Amino acid sequence: MNSPFGTQKQAGGRRTMSSGASNAILLLPALSLCMIFIFVPAMLAISGSLYSYGLTSPTRDFVGLGNYIKLVQDSIFWVSLKNNLIIVFGSIVLQIGIGCVLAAILDRGITFGSTFFRTIIFMPVIVSAVAVAVVWLIILDPNIGMLNKIVQSVGLTPPSLGWLGDPKISIWIVLGVAAWQQTGFMMVLILAGLQGVPQERYEAAALDGARGLRAFWYITLPSIRNILIVAVLITTIGGFKVFDFVFVLTKGGPANATQVLGTYTYLQAFTLGNLGYANAIAVVLLLIAVLIGWLQLKVSRQA
Amino acid sequence: MSFLEITNIVKDYGAFRAINDVSFSVEEGEFIVMVGPSGCGKSTLLRSLAGLEDITSGSLILGGRDITRDEPADRGVAMVFQNYALYPHMTVAQNMGFGLKMAGQSKADVKVAVERAAKTLRITDHLHKRPKMLSGGQRQRVAIGRAITRSPDVFLFDEPLSNLDASLRAQMRVELGHLHAELGATMIYVTHDQVEAMTMASRIIVLNGGDIEQIGTPLELYNKPANRFVAEFLGSPRINLFDGKIAAINAQTASIKIDGIADHLEISLSSDSGPMASGDKVTVGIRPESINDTAPWKIPAKISVIESLGRETLFYVNADPVKTLDPDAKDPLFAVHKSNQITAQIGDDISLGIPQEGVFLFNEAGETVRYPITQTAP
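These protein sequence lines are chains Y and C, in that order.
In short: position in the first sequence from 1, add 56, done, that's my numbering.
In short: position in the second sequence from 1, add 1110, done, that's my numbering.
Keep in mind that the hints were calculated from the coordinates and are not lab data.
Please read these numbers as outputs of a predicted model, since none were measured by experiment.
Here are the simulated SDA-like cross-link-like pairs (lysine to any residue), alpha carbons at most 20 Å apart as the crow flies:
| id | chain 1 | residue 1 | chain 2 | residue 2 |
| --- | --- | --- | --- | --- |
| 1 | C | K1211 | Y | W273 |
| 2 | C | K1355 | C | Q1466 |
| 3 | C | K1211 | Y | P278 |
| 4 | C | K1239 | Y | S279 |
| 5 | C | K1242 | Y | S279 |
| 6 | C | K1211 | Y | R257 |
| 7 | C | K1242 | Y | V355 |
| 8 | C | K1239 | Y | R257 |
| 9 | Y | K224 | Y | S131 |
| 10 | C | K1211 | Y | G268 |
| 11 | C | K1242 | Y | R281 |
| 12 | C | K1448 | C | E1467 |
| 13 | C | K1239 | Y | R281 |
| 14 | C | K1211 | Y | E259 |
| 15 | C | K1367 | C | P1482 |
| 16 | Y | K138 | Y | A345 |
| 17 | C | K1355 | C | L1379 |
| 18 | C | K1242 | Y | R257 |
| 19 | C | K1242 | Y | I283 |
| 20 | C | K1239 | Y | P278 |
| 21 | C | K1448 | C | L1419 |
| 22 | Y | K354 | C | H1199 |
| 23 | C | K1242 | Y | E256 |
| 24 | C | K1242 | Y | N282 |
| 25 | C | K1448 | C | P1482 |
| 26 | C | K1242 | Y | G252 |
| 27 | C | K1211 | Y | A271 |
| 28 | C | K1211 | Y | S279 |
| 29 | C | K1391 | C | I1368 |
| 30 | C | K1211 | Y | R270 |
| 31 | C | K1242 | Y | Q255 |
| 32 | C | K1355 | C | A1372 |
| 33 | C | K1242 | Y | V253 |
| 34 | C | K1211 | Y | F272 |
| 35 | C | K1217 | Y | R270 |
| 36 | C | K1239 | C | V1220 |
| 37 | C | K1391 | C | F1339 |
My request is simple: use the sequences and hints to build the entire structure.
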């Protein structure tokens, strides 16, 4: 066709094809990685959860939803889930609560040394969770640990079973160690939000009669609402998928007092050799993570 | 005693003095405009009045009450910010009623006050919207509405129109003028835009380097500037200034020698002329609109730039060897204003007729020693 319209159409068609092909090529690396490390393992876990088999079993017995029925009746699963919820809600209160207060102090409370304090508080975030847990393991050791000595030096008695050996307090100790590492991250996240609130907004509020706590409630919190929601979601996801702290500090003990879904999955898979059952626990964890991830995406888009 | 007494205000930031012993008073219902270049202390002074800056020394008395150390909300002032400073998470109505809510007023009272202010500002239809859904002009109205709702004794405006485009700024200037007349409120307005100052003010305060240069009505300041700074600051295009020297002087006349011009500029003196002596260096000033074709004393020049604005024409002309004293200009050109349409070409010769009636003289200290005699004093 010699008409200009024909020529245009051809050129347009070529552009679309090449743009489609280049999009596909650009997406390929990410998609391949997702496929290998997320989708395929997830599919294998879902299909594996329908069988009963061990690490070295030559065959797999199809049990349908049997593993899920067993799960519902398993008290340790419920203890693990409860512990996950304790870590989730405890982390929200500790990490976001303290992070918020620290961020507010660094943003408006102190006039010098804020960079120094910010760096110090953020430092644990860059250390691996395993290293943090090992350090705390030493601090909490009933024989050589620093904490026992500090408690004794102020005239108090440390727990006789040790900080991590007492089932009544061990989950709270794990929660505290996780908070020690992660609060710095929350502080930096919230601080970024606070620093994005224009000074004039606070000045207008001061003229309207809102200063101090009233300004924090009516101006600061609504201004960083979206960041707080994201912080809650990040903490929630972290609380459900927690493994490293618990594994290094207590391995889920004593008497499952710190067992969480992550360590319970590991226990069933690699200690007890129930891979099918471990897959079922992992699928439940996956469903929880997908639900929260969907919520996070939705909130992020709104923000 | 005046409605607002500002006495010996000093504001230091460490070793830097932002406001230097400033005193003035404001009568109830006045529209005071504070102008000056960036860093002159006008915004600092306004923020000190609002209580957003603690002053180093001095006192603020509003309606007979000492408010120097009062909290911002307790001073009886409301402020409109340059960037509006609206609360983005609140609706327009909530923004406007927030001050009253904080003051513990009932929901019904807040609603009445908000609706009344919204009606005044014609934003009733937007009360349920969030600020991000509004245009710049509407947001500024909401910011003004927030101030009105609190029924303050004094309204403070910190360059409220500088974020708006030129046409909206002109419209808002008129609206603010109407609002001032309608509310009869005392307003203090900070701007660096001398057009806003000239068009809206009952009185203008010109600030420079933390000091007050002059206080007066717009025409007083335009016609009788206390010094060269005020003369230069008010007027657009700015006043033409060039060097001269007093060749001869008596009680009635002075003869000014201008380098490069053979004839002396002869000007009459009057009782309000300042002290001058033969041989004194002076700065001669002439407003662009005062230059005409008929004055006998002329400076030959060539047109460099023509700005045809429809109802008026501005020429920027090179009067070499007479140079204007404009530190900001690359080429020191004379500005000439004609209040009609004139057809001319760049490079055309033009004679700048300097009528002696329109001449300002400033001494070496920058003080005005001779005012023009043609303008009608206010």
